[in-house]
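**Q** This is what each chain is made of:
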Amino acid sequence: MEKIKVLFHVSENEIWQKTIANITNYFKDVEENTVHIEVVANAGAVASYFANQDRPQLLQQMEALAQRGVDFTACRNALSAHHLDEQSLPSFVRVVSGGITEIVNRQRKGYLYIKP
Amino acid sequence: MEKIKVLFHVSENEIWQKTIANITNYFKDVEENTVHIEVVANAGAVASYFANQDRPQLLQQMEALAQRGVDFTACRNALSAHHLDEQSLPSFVRVVSGGITEIVNRQRKGYLYIKP
Amino acid sequence: MEKIKVLFHVSENEIWQKTIANITNYFKDVEENTVHIEVVANAGAVASYFANQDRPQLLQQMEALAQRGVDFTACRNALSAHHLDEQSLPSFVRVVSGGITEIVNRQRKGYLYIKP
Chain A
1 MEKIKVLFHV
11 SENEIWQKTI
21 ANITNYFKDV
31 EENTVHIEVV
41 ANAGAVASYF
51 ANQDRPQLLQ
61 QMEALAQRGV
71 DFTACRNALS
81 AHHLDEQSLP
91 SFVRVVSGGI
101 TEIVNRQRKG
111 YLYIKP
Chain B
1 MEKIKVLFHV
11 SENEIWQKTI
21 ANITNYFKDV
31 EENTVHIEVV
41 ANAGAVASYF
51 ANQDRPQLLQ
61 QMEALAQRGV
71 DFTACRNALS
81 AHHLDEQSLP
91 SFVRVVSGGI
101 TEIVNRQRKG
111 YLYIKP
Chain C
1 MEKIKVLFHV
11 SENEIWQKTI
21 ANITNYFKDV
31 EENTVHIEVV
41 ANAGAVASYF
51 ANQDRPQLLQ
61 QMEALAQRGV
71 DFTACRNALS
81 AHHLDEQSLP
91 SFVRVVSGGI
101 TEIVNRQRKG
111 YLYIKP
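Residue numbers (full-length UniProt numbering), protein chains in the order written: chain A, 1 to 116; chain B, 1 to 116; chain C, 1 to 116.
Keep in mind that a hint or two might mislead.
[What the hints assert, rightly or not] Partner residues aside, some chain C positions facing chain A, computed with beta carbon under 8 angstroms:
no., residue
1, Met1
2, Lys3
3, Ile4
4, Val6
5, Asn22
6, Asp29
7, Phe50
8, Arg94
9, Val95
10, Arg108
11, Tyr113
It should be emphasised that the hints constitute simulated quantities derived from the structure, not laboratory data. We put the CB at the ideal spot given by N, CA and C, even for glycine.
Looking at chain A on its own, in the form it has when it is part of the complex (with noise of 0.2 angstroms):
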């Protein structure tokens, strides 16, 4: 049976701390291997993916949904606007060319758009 296609977009820091209770909660209401789950984070979000003083255990909450097969995902642009190094990403981070152009191409191959 085909997969259940999420995807969420994080355009803010703010919103990261509810991304990952959302994507924790629905794990519970489902069987984690009948849903792909995609974050794409554009914006000022990707900063998020680079230690954090403020917040040291959201890191460590991304990479725990990581290993349940969430695909974290960061948008080039926005990691070049704020001056980030892609090379400094956790492992469990793709790059993505454009965040809207995964955002479009993900909805065109069925991925429901949550924005948290």
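With chain A's structure known, arrange chains B and C on it following the hints.
**A** The following block gives chains B and C in isolation, referenced to the frame of chain A:
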């Protein structure tokens, strides 16, 4: 004819007023019986379902829309996380086990997603 | 081939700059004549269509995108609620009777929804 199905996702208390205005205005443009509107409140936004001295009219406005057929729901995970008592919700609010699960399931059934 | 259709929903003035960057970046990844982009501004976001000393470049950036085929619209309900004069809108902005109605109708025609 099949009804137009629209889902409003409310994840912050600050956007409730906008959501009420959105739906009220939309009802000026469509016949109410040709559309089904569901509002899914999750994260902190579930707090607005409870009496609030700062915005006494909000619950009345929600209830008036509920009487016109709008289906208001609250995410159980969010109620629990914010220590809010499900039993004290207004009678027009339906509790769903997970807000994101509801949004995914509704989109799969053809509901159009809007984040006010 | 049918164009890719994308709708950007802007409901707060604060996300206009992000929206402009989103579309500008997207145009780096696609042929402009293979995509149709519509921006629907409602709620307080319609105010940014009027001259603003704090952000003098914003209208120029919008107009440049309009010249590349982006369709900018303003919700009449929102203009009225904010006492803004429809006649004073820049010529590249199209007024729609209701922002939500426009978003629903466009999604029904296959437009992909993005909230910047």
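**Q** Are the hints correct? Go through all of them and say.
**A** Now the hints, each set against the structure:
no.	hint	in the structure
1	Met1	violated, 13 angstroms
2	Lys3	violated, 12 angstroms
3	Ile4	holds, 6 angstroms
4	Val6	holds, 6 angstroms
5	Asn22	holds, 5 angstroms
6	Asp29	holds, 4 angstroms
7	Phe50	violated, 24 angstroms
8	Arg94	violated, 22 angstroms
9	Val95	violated, 26 angstroms
10	Arg108	violated, 15 angstroms
11	Tyr113	holds, 6 angstroms
When held up to the earlier numbered hints, the structure conflicts with 1, 2, 7, 8, 9, 10 and fits the remainder.
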